[in-house]
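Make the full structure from the sequences, and use the hints.
From first to last, the protein sequence lines stand for chains A and B. Using this note's numbering, you'd call the opening residue of the first sequence number 1 and step up by one each time. Using this note's numbering, you'd call the opening residue of the second sequence number 1 and step up by one each time.
Some hints here could point you the wrong way.
Said to hold, decoys possible - SDA-like, lysine to any residue: derived pairs with alpha carbons at most 25 Å apart:
(1) A:Lys-292 to B:Gly-19
(2) A:Lys-292 to B:Arg-22
(3) A:Lys-200 to B:Lys-40
(4) A:Lys-292 to B:Ile-41
Simulated from the structure, these hints should not be mistaken for laboratory data. Keep in mind it's a predicted model, so treat the numbers as computed, not measured.
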Amino acid sequence: MRLKNFAKALILTILTSPVFAASPSSDHSDSDHNKELHTEHHGEERAETAADRSEFIQHHLQDAHNFVVWDAMHWVIPMPVILIDDGLHMFSSARFGHHEHDTVESKGKHYKKHEGIVYRSDSSGKLIKTDGHHVKPLDLSITKNVMMIIITGLLMLLLFRSLGKSYAKNGGISKGVGRFMEPIVLYIRDEIAIPNIGEKKYRKYLPFLLTIFFFIWFLNLFGLTPLGVNVTGNIAVTAALAVLVFLLTNLTGTKDYWKHIFDPLGDAMPWIAKFWLYLILWPIEILGIFIKPFSLLIRLYANMLAGHTVLMSLIALMYVSATWSWLGDPLALILSFAISLIELLVALLQAYIFTMLAALYFGFASEEHEHHEEAHSH
Amino acid sequence: MSIPRIIGAGLIVIGVGVGIGRIGGSAMDAIARQPEATNKIQTAMLIAAALIEGIGFAALFATQEVVASTPE
Numbered sequence: 001m002r003l004k005n006f007a008k009a010l011i012l013t014i015l016t017s018p019v020f021a022a023s024p025s026s027d028h029s030d031s032d033h034n035k036e037l038h039t040e041h042h043g044e045e046r047a048e049t050a051a052d053r054s055e056f057i058q059h060h061l062q063d064a065h066n067f068v069v070w071d072a073m074h075w076v077i078p079m080p081v082i083l084i085d086d087g088l089h090m091f092s093s094a095r096f097g098h099h100e101h102d103t104v105e106s107k108g109k110h111y112k113k114h115e116g117i118v119y120r121s122d123s124s125g126k127l128i129k130t131d132g133h134h135v136k137p138l139d140l141s142i143t144k145n146v147m148m149i150i151i152t153g154l155l156m157l158l159l160f161r162s163l164g165k166s167y168a169k170n171g172g173i174s175k176g177v178g179r180f181m182e183p184i185v186l187y188i189r190d191e192i193a194i195p196n197i198g199e200k201k202y203r204k205y206l207p208f209l210l211t212i213f214f215f216i217w218f219l220n221l222f223g224l225t226p227l228g229v230n231v232t233g234n235i236a237v238t239a240a241l242a243v244l245v246f247l248l249t250n251l252t253g254t255k256d257y258w259k260h261i262f263d264p265l266g267d268a269m270p271w272i273a274k275f276w277l278y279l280i281l282w283p284i285e286i287l288g289i290f291i292k293p294f295s296l297l298i299r300l301y302a303n304m305l306a307g308h309t310v311l312m313s314l315i316a317l318m319y320v321s322a323t324w325s326w327l328g329d330p331l332a333l334i335l336s337f338a339i340s341l342i343e344l345l346v347a348l349l350q351a352y353i354f355t356m357l358a359a360l361y362f363g364f365a366s367e368e369h370e371h372h373e374e375a376h377s378h
Numbered sequence: 001m002s003i004p005r006i007i008g009a010g011l012i013v014i015g016v017g018v019g020i021g022r023i024g025g026s027a028m029d030a031i032a033r034q035p036e037a038t039n040k041i042q043t044a045m046l047i048a049a050a051l052i053e054g055i056g057f058a059a060l061f062a063t064q065e066v067v068a069s070t071p072e
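As structure tokens, this is what we get:
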């Protein structure tokens, strides 16, 4: 029954896919603008070389200081740039200018952007060099990614708080969007948390697992919208998530968890024999503590980045050749549509895998000795 | 983009493909034999596939040139 509900939720998700698959159209306009921009600069009719295309893709995968809603219509939302450079500097990202070539003056210091990174410059816009290095102030700006994280956080807070309230009002019966969310929440509890962590301790970890699942899933889905956000494809974001899993695993680790790492043989061997084995085992086990969250980090990051790159590359098929556009345009449309559908599945699958593996690690951390036999028997 | 890097990436994809393919194939066999255990098999399959995928991606990153974007 539960599985049936989950299947229903999945089908509904897939049916909503045309909304997300619509992304190519706006990316098209983005790159139209990019082309326009290049023509402006080089004065050429068609400056779309392979290097230009790869630069265009790179640009879309990167974080940005302003939020471009629709580039062709110049719908750009400026966001605060916050720099720490001998004091706090705060100004709007619009001051870097539309093409981000302008020099910004703030409290007697000048700043200029180079490939998306803010550097200190002199008043003419030439980057300052000290000791052979360019001066890079500490950038704590509310960038596009930070904005999307805040929006997703608020969305989740509103959604799940109102869900909780409606449950309380209706005597534990879901209503509205809750009917969509309930099977997913139950699936995470019954198929991920309980089997991996165990009946006794899963409650402690369930809030974190649910939060991280919906956070990753929502951000993955936002990544498929025409807004062109790439939050989960940013290594800093996935690293932060992995650090949370690492801290939670090791700070809640039981005595048995640490015993498993540092003294797995126990009384089975005299210490003199164990010592030589442990010389090899300890480094491996200690590395293992770090490799587990590291693999979480790389997997999510690389999957989302690869997905976006493939999608953008397929869209860029339109610009490969003007004479072959009768072939390139439909091919780009069909292939990017198909890949969008796959990406929709990947968005859910990666959130699931991340949650699943986090639950698995929490299961290792919270294992008690009497659970040990049971865990190995199935 | 040098040729050795592309060949290396290709080799990694072959290795990962064989690995995940074998997991998928074995899971299919297992499900055909015991359809009632589908859920457990799928979970185990996904975990194993994810572990291989993680290593594969780490190796793919190692083949790529990391160019720091610094102004000239």
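Against the structure, the hints come out as follows:
| no. | hint | in the structure |
| --- | --- | --- |
| 1 | A:Lys-292 to B:Gly-19 | holds (20 Å) |
| 2 | A:Lys-292 to B:Arg-22 | holds (23 Å) |
| 3 | A:Lys-200 to B:Lys-40 | holds (20 Å) |
| 4 | A:Lys-292 to B:Ile-41 | holds (22 Å) |
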